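Hints are included, so try docking the two chains, each in its own frame, into the full complex.
One letter stands for each residue in the lines below.
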Amino acid sequence: MDFHLTEDQQALVSALQSILQDHGELPQGERLSYAYHHSGLQALLKASGFFDAAREMGALEAALIVIEAARLPVLVETGASALVAPMLLPANEGVDGPVALIAGRDLDKAHRNLPIATTALIDLGDDVVVLPVAAGAIETVKSVLAFPYGRFRRAPDLGAGRRIAGAGPKLRQWWRVAIAAEAAGAADSAVNFTVEYVKQRHVFGRAVGSFQSVQHRLVQCHAIARATYYMALRAAWSGESVHADMAACYVQQNVGRLLFDLHQFHGGMGVTTEHLLHFWTYRVRALQAEVGGVNDAARSVATKLWPAPTVAQQGRLVQAR
Amino acid sequence: MEFAWTAEQEEYRKRVRTALDELLPDDWDERYVPESYASDLQVEFSRDFCAGLAERGLLVPHWPKQYGGNGADDWCHFILNEEMKAAGEPRGPQYMNINWIGPTLMTFGSEAQKEQHLKGIASGRVIWCQGFSEPNAGTDLAALRTRAERVGDHYIVNGSKIWTSYARTADWCFMLVRTGPGKKDITVLLTPMNAPGISVTSFPGLIKDGHLNEVFFTDVKIPVVNRVGEEGQGWKIVTHALSFERVGVPRYHTGLQALHLAVEQLREEGRYDNDPVIQTRVGALASKFEAARLLTYLVVDQRVKKSEANTDSNLSRITSLEATTDLMNFLGDVFPNGLAGGNVLLEDYYRINIPAGITGGTNEIQLDLIAQRGLGLPRSK
Ligand SMILES: Cc1cc2nc3c(=O)[nH]c(=O)nc-3n(C[C@H](O)[C@H](O)[C@H](O)COP(=O)(O)OP(=O)(O)OC[C@H]3O[C@@H](n4cnc5c(N)ncnc54)[C@H](O)[C@@H]3O)c2cc1C
Chain A
1 MDFHLTEDQQ
11 ALVSALQSIL
21 QDHGELPQGE
31 RLSYAYHHSG
41 LQALLKASGF
51 FDAAREMGAL
61 EAALIVIEAA
71 RLPVLVETGA
81 SALVAPMLLP
91 ANEGVDGPVA
101 LIAGRDLDKA
111 HRNLPIATTA
121 LIDLGDDVVV
131 LPVAAGAIET
141 VKSVLAFPYG
151 RFRRAPDLGA
161 GRRIAGAGPK
171 LRQWWRVAIA
181 AEAAGAADSA
191 VNFTVEYVKQ
201 RHVFGRAVGS
211 FQSVQHRLVQ
221 CHAIARATYY
231 MALRAAWSGE
241 SVHADMAACY
251 VQQNVGRLLF
261 DLHQFHGGMG
271 VTTEHLLHFW
281 TYRVRALQAE
291 VGGVNDAARS
301 VATKLWPAPT
311 VAQQGRLVQA
321 R
Chain B
322 MEFAWTAEQE
332 EYRKRVRTAL
342 DELLPDDWDE
352 RYVPESYASD
362 LQVEFSRDFC
372 AGLAERGLLV
382 PHWPKQYGGN
392 GADDWCHFIL
402 NEEMKAAGEP
412 RGPQYMNINW
422 IGPTLMTFGS
432 EAQKEQHLKG
442 IASGRVIWCQ
452 GFSEPNAGTD
462 LAALRTRAER
472 VGDHYIVNGS
482 KIWTSYARTA
492 DWCFMLVRTG
502 PGKKDITVLL
512 TPMNAPGISV
522 TSFPGLIKDG
532 HLNEVFFTDV
542 KIPVVNRVGE
552 EGQGWKIVTH
562 ALSFERVGVP
572 RYHTGLQALH
582 LAVEQLREEG
592 RYDNDPVIQT
602 RVGALASKFE
612 AARLLTYLVV
622 DQRVKKSEAN
632 TDSNLSRITS
642 LEATTDLMNF
652 LGDVFPNGLA
662 GGNVLLEDYY
672 RINIPAGITG
682 GTNEIQLDLI
692 AQRGLGLPRS
702 K
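Here the protein sequences come in this chain order: A and B.
Start counting the first sequence at 1; every next residue gets the next number (this note's numbering).
Start counting the second sequence at 322; every next residue gets the next number (this note's numbering).
Looking at chain B on its own, in the form it has when it is part of the complex (with noise of 0.2 Å):
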C-alpha cells in the first residue's frame, strides 16, 4: 500500500494548473462560476478552453494515440477531472464527451462515426448532450417512450426528453429511442441537435438557470447511419458508458476547497477563531471528505489495475454525497444570506450540489446496487 502521489503525478498536476492558469479569464470567479457550469456563458465559453486543452495535450490524454490521446493511465485523467472541478469545471458539458461519449463510440461507433465524433470531441469544440431521461422516465429509464421508427434509410422519431442538460446550445445528442414493444427495445442514436422538428424549452429551478431543459422532438429524421450499434442494443451500450463514469465526480476536492472558503469568510467576520464548536464541525466535515476522497482513490486503483468493476464505486458516491449535503447543511446553520446576496461562490456550491443526489444514478439506487451486489442481501420485493 502506497498513499502518495508518485513525482510524475505531481509534475502532471502542476501542468493541468498552468494551463488552467493560462486559460481561465482574469474573472473567471466572479463572472463566470457565479452563473454555473450548465450557463450558455459558460457552456460557450468552454469551446475555447477545451480547445486551448486540446493543443496543450490535456483535452483527451487517456485515449489511445490514434483518437488523438497520449494513452495517459487513468491516474492522470483522474489528476486532471480533479483539478477541472476544483476550478469550476470550465470544461462545461464536455467532460462528459471526454469521459464516456468518445471512448463508448471506440468501441461501438461505425468508422464513419469515430472519424466525424471522436475528431469532433478531440478539437474541444463540439458540445454534446444526455437524452436519456423523460418525464416518466428516470430511475425507470426501461420505461422510455420517445420512439424511432424505421422509414426506409432514416428514422423518424417523436417523443420528448427532459432534465437534459446543456440541451440549449449542444451540437449533438446522445439518445435513448425506443424501437420496439419490448421493455429493452432501445436504440442509440446520434442526433443533430439542429435537426427540424427538434425544440428545447427551458425552465426555472433552484439550481441557476440553464440548468432544466425539455427537448420535444416531432417527425425528426435521423438517418440510420446515425445509429449505434445494432436496434435493441442501446440498453447494453449505455451500461457500458456509465461504466467509465464509475470514479463520478471527486466531490471531496469541491466540497474540501468550499468548506475552506466557508473558513476565510466565518474568520474574516470574526467568528471562527474563538469558537470551538464551529471549529470541531469544520473538522469533523474534513474528516467526512477524507473519507470521501479515500474511497474514490480505491476506486481509481482499481480502475487502473483494471479489477472488475464493484460496488466501491457506489460506496464512493454515498460516501461523498453525505460529506456534500452535510456541509451544505453546515452552510445553512451558520450563514444566514448565505442562499441571499452571501458569497457568490459559497452559494454556486450550494445550488448545484441541490440534485447530488439525483444526478448520475440517486442515491437509493446506490444504496439498493450495494446492499444487493456487495453485500448480497436479498432484492427487496
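Just chain A, with the same shape it has in the complex (with noise of 0.2 Å):
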C-alpha cells in the first residue's frame, strides 16, 4: 500500500496543473453561464499527450488528469476521452474526442457532453457500438447541469458505428471509474471554494464558519471528497469493476448532502451563477443518475461481494430452513 503519488505521478500532475492554471481561466462573458466547455484548453490537452496517459502511463495516471480536470469551473471532457475510452478499446485504436457516453435504453434523450462530442460509445446492455458523431446531428438541450446537453435531432443509425461485442460490462466499469474520479475533483473545489466563503462572510459579528452546524457539516462533505478521491484511484489502480461499483455507488449516495449543504452555506449567494459554486455542484449532480446511478452501482457492489448462490447451494439452504 502507498497512498502517495510517486515522482512520475507527481509530474505529470504538476504538469498537467500549471497548464489548467495559465490557460484554465473562464472568460468574463461565460461568468454566468450554466457551463462552459473549454475548447481551447481540451485542445491543448490533446496536443500536450495527456489523452495518452492511460495507455502510456496506466489508468491510475489517466484518472488523476480527470480529477485535476474536474478541479477547475471550465469544463475539458477528460472522463471519457482520456480514461473510458482508452481502457475499453483495442491499443491500436484511437479514439476522436470528446467522447459522449450515452445509455443506449435511453438514446432519445438528452445526454452529457453530446453537442460538444465527436464520438459516442453507446451501451447496449451486452455490447458497445462506437459511433462518429457528424457535426450538425446534435441539438442542444438547456440545463441547469454543468455540462453541455444535447439530444440526437434523428435516431442515429448504429449501423455506422463499430460495434464491440460484449465490452458493456467493461465501458460501465470505466465509467463508473470516470464518474468518481470527476465527482472527486469537482466536489473537492466546492468544498475548498465554501470553506473559503464561509470564512470571510460574516453574521452577527463572526464569520459564518464559525458555527459549529456550519463547520461540522463541510466537514462531513470534505470526507466525502476525499474518500471519492481515493476510491476512484483504486478503482483505476486495481481494473477491479466492484471497485469502481463502489467508488460510484459511495459518491452517488453522497450527492445530494453535498449539494445541500455546500449551497445552503452560501445563503442566496447559492442560488446565483455568477458565484462558480454551481460549476462544480451541477457536475457533481449531473453524474449522479448516470450508469443507473446509485441503486445499480449498490446492487452491482452487492451482487459481487455476495453472488446469488448455485443452485446446489441453494438446495442446502432450502434443507437448512
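Rather than coming from a laboratory, the hints here were simulated on the basis of the structure.
Since this is a predicted model, take the numbers as computed values, not measurements.
There is no bait here: all hints are sound.
Computed footprint of chain A on chain B, listed as stretches where at least three residues anywhere in the stretch have a Cβ under 8 Å from a Cβ of chain A:
hint	region
1	590-601
2	606-619
Beta-carbon label-pair distances, calculated as ranges:
hint	chain 1	residue 1	chain 2	residue 2	range
3	B	Lys440	A	Pro307	44 to 52 Å
4	A	Ala11	B	Trp326	24 to 32 Å
5	A	Ala11	B	Thr683	36 to 44 Å
6	B	Thr680	A	Glu240	28 to 36 Å
7	B	Thr339	A	Arg257	37 to 45 Å
Backbone N, C-alpha and C define an ideal beta-carbon position, used for all residues, glycine too.
Next comes the structure, spelled out in C-alpha cells:
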C-alpha cells in the first residue's frame, strides 16, 4: 500500500496543473453560464499528450488527469476521452474526442457532452457501439447541469458505428471510475470554495464558518470528497469492477448531501450563477444518475460481494430452513 | 500509488490467522464473543491468549527489539490489529498496553518503570485500565478533580473515575490526577489496582455487563516512583499517548464482517436473493465501509512514512462511524428480533458499537478538530 503519488505521477499532475492554471481561465463573458466547455484547453491537453496517459502510463494516471481537470470551473472533457475510451478500445484504436458516454436505452434523451462530442460510446447492455457524431446531428438542450447537454435530432444509425461485442460491462466499469474521478475533483473544489466563502462572510459579527453546525456539515462534505478521491484512484489502479461500483456508489449516495450543504452555506449567493459554485456542484449532480445511479451501483456491489448461491447451494439452504 | 499488499504482508496476515486458529478455543464464537470484550470472561482469557501471542512473537512485534519486539513496521502492526478485531479482539484490554501504554512508557517512563511494565506487557499477562474520565470530566478532560497530594515519598489520592473499562479485573491503572489548582496541573500515576482504598463498582448499561465501572479512591497511597515524568507533565504525556491511537479501531473490518453475517442470515430466511431493495442497501453500506477502509489505510501509510499527524485520522474515524451507524440502523430495519434473541454475533456487534461515537474522542470533537485544524475554519465561540 502506498497512498502517495510516485515521482512520475507527481510530475504528471504538476505539469497538468500548471497548464490548467495558465489556460483554464473562465472568460468574463461566461461567468453567468451554466456550463462552459473550454475547447482551447481541450485541444491543448490533447496536443500535450495528456489523453495518451492511460495507455502510456496507466489508468490511475488517467484518473488523476480527470480529477485535476474537474477541479476547474471550466469544463474539459477528460473522463470519457482520457480514461474510458482508452481503457475500452483496443490499443491500436484511437478515438476522436471529446467523447460522449450514452446509455443505449435512453438514446432519444439528452446526453451529457453530446453537443461537443465527435464520438459517442453507446452502451447497449452487452455490446458497445463506437459512433462518430456528425456535425449538425445534435440539438442542444438547455440545462442547469454544468455540462453541455444535447440530443440526436434524428435516431442515430447504430449500424454506421463499430460494434464491440461484449464490451458493455467494461464500458460501465470505466464509466463508473470516471464518474468517481470527476466527482472527486469537482467536490473537492466545491468544498474548498465554500470553506473560503464561510471564512469571509460575517453574520452577527462573526464568520459563518465559526458556527459549529456549519463546520460539522462542511467537514462531512470534505470527508466525502477525500474518500471519493482514493476510491476512484483505487478503482483505476486495480481495474476490478467491484471497486469501480463501490467508488460510484459511494459518491452517488452522497451527492444529495454535498449539494444541499454546499449551497446552503452560501445563502442567497448559492442560488446565483455568478458565484461559480454551481460549476462544480451541478457537475456532480449531473453524474448522480449515470450508469443506473446509486441503486444499480449498490446492487452491483452486493452481487459481486455476495453472489447468488448456485443451485446446489440453494438446495442446502432450503434444507437448512 | 499502490493499493495491494506485499507478499510479506500477506504472509504476515496468514501467520496471524494461524495463531488465532491455534489459540482461540472452539467455542470462542458461541461462548466468549457474546459475553463481549470487557467481560471478566474475556479479560481473563486474554491473559492466556496474549501469552500465546507473545510466544509466537505476535504480541508486540512493532516494539523495538530491546523491549521484546522485533521492529515490525506499522503495516504489520495494523494487519495484526485488523485480524484481532475481526476475531472479536481476543486481546481484550491488552490492545491498549501494546498500542499506547507501553510506547508511552518507553518515552516518558523511568528505567525502573520500563523494566517492570514493559516486561509485564510483553508477557501478555498483565491487565491495564485507563483512568482518565470522571463524572465531570469527559470531553473536557482538563476539568478532572481526582487529587493527588504529595506526602513524603508518596501521593495520597482521593476522588473517583468513571467509565473505566476493565477496572474490575485490571492489575494497573494508567491514571490522570490533579496535582495543583491550574487547569494543566495534571500528572500521570501508575496505580496498582490492589492498593488499599480503591473500590470498583460496576453498573448496568446498553453494552454488555462489565463495561461500565466507577472507581473510587479514598486516601490511596501511591509511591512517588510510580509517577510518569514530572508533576504537571500529564497533559503532554496523554497527548503523546493518544497520538498512538491515531489510526483508531479498524471498524470497517468488523463492519463488513457483520454485514456478511446479516446477508447470510437474510439469505437463510429467504429474504435476500429476491429483494433488490435489501441488496441495494447492502451494496451502499459495503461501499461506505470501503471508503472508511481507504481513509484508514491512508493514515497508516502516513504513519509508516513518519509524516506529521494531520486530520486524516479524524476523517477516517468519522467516516467509519457513519458506516457503522448506518449498518446498525440497517440491522434494526431488517431484523425485528435482532436485539431480542436474534443472531448473537450481530447483537454483540450492535451493542458494542452503541458508544462508537463517544469512546476515544467523541464524534463532535473529531468534527471540530477537522474543521479547525484541517479546513482552517475559525474556532466556534
Ligand atoms: C463504553 C465506554 C467506555 C469508556 N472507557 C473509558 C475508559 O476506559 N477510560 C476512560 O478514561 N474513559 C472511558 N470512557 C469515557 C469516554 O472517554 C467519555 O465518555 C468521553 O470522553 C465523553 O465524555 P462524557 O461522557 O463526559 O460526555 P460529555 O463530555 O458530557 O459530552 C456529551 C456530549 O456533548 C458533546 N460535546 C462536548 N463538548 C462539545 C463541544 N465543545 N462541542 C460540541 N459538542 C460537545 C460530546 O461530543 C457529547 O456528544 C468510556 C466511555 C464509554 C461510553
